[in-house]
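Enquirer: Produce the complete structure using the sequences and hints provided.
Residue numbers (my numbering): 19 to 250.
Source of the hints: derived by calculation from the structure; they are not laboratory data.
Just to be clear, a hint being listed does not mean it is correct.
Unchecked claim - Label pairs and their computed distance ranges (CB to CB):
1) Asp119 <-> Ser235: 23 to 29 Å
2) Lys232 <-> Pro58: 41 to 47 Å
3) Leu134 <-> Val237: 32 to 38 Å
To be verified - Below, simulated EDC-like cross-link-like pairs (lysine to aspartate or glutamate); rule was C-alpha separation at most 20 Å, straight line:
4) Lys130 <-> Asp66
5) Lys232 <-> Glu213
6) Lys130 <-> Asp119
7) Lys209 <-> Asp196
8) Lys130 <-> Asp83
9) Lys130 <-> Asp84
10) Lys182 <-> Glu234
11) Lys232 <-> Glu180
12) Lys182 <-> Glu218
13) Lys182 <-> Asp216
14) Lys209 <-> Glu234
15) Lys232 <-> Asp216
16) Lys209 <-> Glu239
17) Lys130 <-> Asp65
18) Lys209 <-> Asp119
19) Lys130 <-> Glu71
20) Lys130 <-> Glu208
21) Lys130 <-> Glu195
22) Lys232 <-> Glu208
23) Lys182 <-> Glu213
24) Lys182 <-> Glu195
25) Lys209 <-> Glu180
26) Lys130 <-> Glu69
27) Lys182 <-> Asp196
28) Lys130 <-> Asp196
29) Lys182 <-> Glu208
We put the CB at the ideal spot given by N, CA and C, even for glycine.
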Amino acid sequence: RGADRSGIHRRDVWSIPLAILREAVVNAVVHADYSQRGAPIRVSYFDDRIEIENPGILLSGLTVDDILAGVSRLRNRVIGRVFRELGLIEQWGSGMRLIMDQARQLGLPPPKIEELGLRFRLTVYLGAGGSRQHDDRGSVTGYVTGEVTGEVGRLVNVLHGEMKRVELQEALGLRHEDHFRAAYLRPAIEKGYLEMTDPERPRSSRQRYRLTAKGESLVREIAPRYPKGSAG
19 RGADRSGIHR RDVWSIPLAI LREAVVNAVV HADYSQRGAP IRVSYFDDRI
69 EIENPGILLS GLTVDDILAG VSRLRNRVIG RVFRELGLIE QWGSGMRLIM
119 DQARQLGLPP PKIEELGLRF RLTVYLGAGG SRQHDDRGSV TGYVTGEVTG
169 EVGRLVNVLH GEMKRVELQE ALGLRHEDHF RAAYLRPAIE KGYLEMTDPE
219 RPRSSRQRYR LTAKGESLVR EIAPRYPKGS AG
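Expert: What follows is the structure, encoded as structure tokens:
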């Protein structure tokens, strides 16, 4: 924790996104598979990220896209009901969306969702490396590190003209559509770097994506970090 003394009063500034961490831990407790004896819930801190792990993979039939869309199936109904009565859960299925929304509002890279063996891991990236560059008037002029030099940076760097999702995944060497949409495509569109050629039909088989003026500006800004045509 640090402090902002730019005004009259001291204001604490946390390097750890507390709202995200709270939701992530609540999710881990509610969805953990307690039949796996000796498999604890883990919260691991690193310089650039926090990893929250719980025993138990997604329940049968659920996908990462389902979770991001708010679809939820409780593994531990009693714990879930108690947490809701305590006000720790607002509504079923809202936790992961809140986490993603909070990360987006804080300008952090999208949290990463993984299934590792019989465990579920959520990686929350910290903002220490994602500082924003300010001009003399104090307004934000752009990101110099963080999400635009990670997944979003790699995506805009390989996009030439108009390209299909499959073409973009091939250019990036990515196989999983859910991960590509959650970590690359959706953030790039929401931040205004990409646009759809047919926004009225997002899932159209003819859908293509192209850079916006903001995206073209970003490509020029990060060009030294990404050799032309490099996927990473």
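Enquirer: Give a verdict on every hint.
Expert: Hint check results:
Between Asp119 and Ser235 the Cβ separation comes to about 25 Å, which falls inside the hinted range of 23 to 29 Å. In this structure the supplied range 41 to 47 Å holds for Lys232 paired with Pro58, their Cβ-Cβ distance being about 44 Å. Separated by about 34 Å at the C-beta atoms, Leu134 and Val237 satisfy the suggested range of 32 to 38 Å. Distance restraint check for Lys130 and Asp66: the Cα-Cα separation of roughly 13 Å lies within the 20 Å cut-off, and the hinted pair is therefore satisfied.
In summary, the hint linking Lys232 to Glu213 is supported, as the alpha carbons are separated by about 10 Å, within the 20 Å threshold. About 13 Å separates the Cα atoms of Lys130 and Asp119, which keeps this hinted pair within 20 Å; it holds. For the proposed pair Lys209 and Asp196, the alpha carbon gap of about 19 Å is at most 20 Å, so the pair holds. Taking the CA atoms of Lys130 and Asp83, the gap is about 12 Å. The hint holds against a cut of 20 Å.
A hinted pair counts as satisfied when its Cα atoms are at most 20 Å apart, and Lys130 with Asp84 qualifies at roughly 15 Å. Between Lys182 and Glu234 the alpha-carbon distance is near 18 Å, which keeps this suggested pair within the 20 Å criterion. Between Lys232 and Glu180 the alpha-carbon distance is near 16 Å, which keeps this suggested pair within the 20 Å criterion. About 16 Å separates the Cα atoms of Lys182 and Glu218, which keeps this hinted pair within 20 Å; it holds.
At roughly 11 Å between alpha-carbon atoms, Lys182 and Asp216 fall within 20 Å of each other, so this suggested pair holds. For the proposed pair Lys209 and Glu234, the alpha carbon gap of about 13 Å is at most 20 Å, so the pair holds. Under the criterion of a C-alpha separation no larger than 20 Å, the hint pairing Lys232 with Asp216 is consistent with the structure, at around 19 Å. At roughly 15 Å between alpha-carbon atoms, Lys209 and Glu239 fall within 20 Å of each other, so this suggested pair holds.
For the hint pairing Lys130 with Asp65, the CA-to-CA distance comes to about 16 Å; that is within 20 Å, so the pair holds. For the given pair, Lys209 sits about 13 Å from Asp119 by alpha-carbon distance, which is consistent with the 20 Å threshold. Straight-line distance between C-alpha atoms of Lys130 and Glu71 comes to about 12 Å, which keeps the hinted pair within the 20 Å bound. Under the criterion of a C-alpha separation no larger than 20 Å, the hint pairing Lys130 with Glu208 is consistent with the structure, at around 17 Å.
Proximity of Lys130 to Glu195 is assessed by CA-CA distance (about 14 Å); at most 20 Å being required, the pair is judged to hold. Between Lys232 and Glu208, the direct Cα distance comes to roughly 12 Å. Compliance with the 20 Å bound is thereby established for this hinted pair. Between Lys182 and Glu213 the alpha-carbon distance is near 12 Å, which keeps this suggested pair within the 20 Å criterion. Between Lys182 and Glu195, the direct Cα distance comes to roughly 12 Å. Compliance with the 20 Å bound is thereby established for this hinted pair.
Restraint check for Lys209 and Glu180: satisfied, since their Cα atoms lie roughly 18 Å apart, inside the 20 Å limit. This hinted pair checks out: Lys130 and Glu69 have alpha carbons roughly 9 Å apart, not beyond 20 Å. Straight-line distance between C-alpha atoms of Lys182 and Asp196 comes to about 15 Å, which keeps the hinted pair within the 20 Å bound. At most 20 Å may separate the alpha-carbon atoms for a hinted pair to count; Lys130 and Asp196 meet this at roughly 11 Å.
Between Lys182 and Glu208 the alpha-carbon distance is near 18 Å, which keeps this suggested pair within the 20 Å criterion.
The structure fails none of the hints (numbered hints given earlier).
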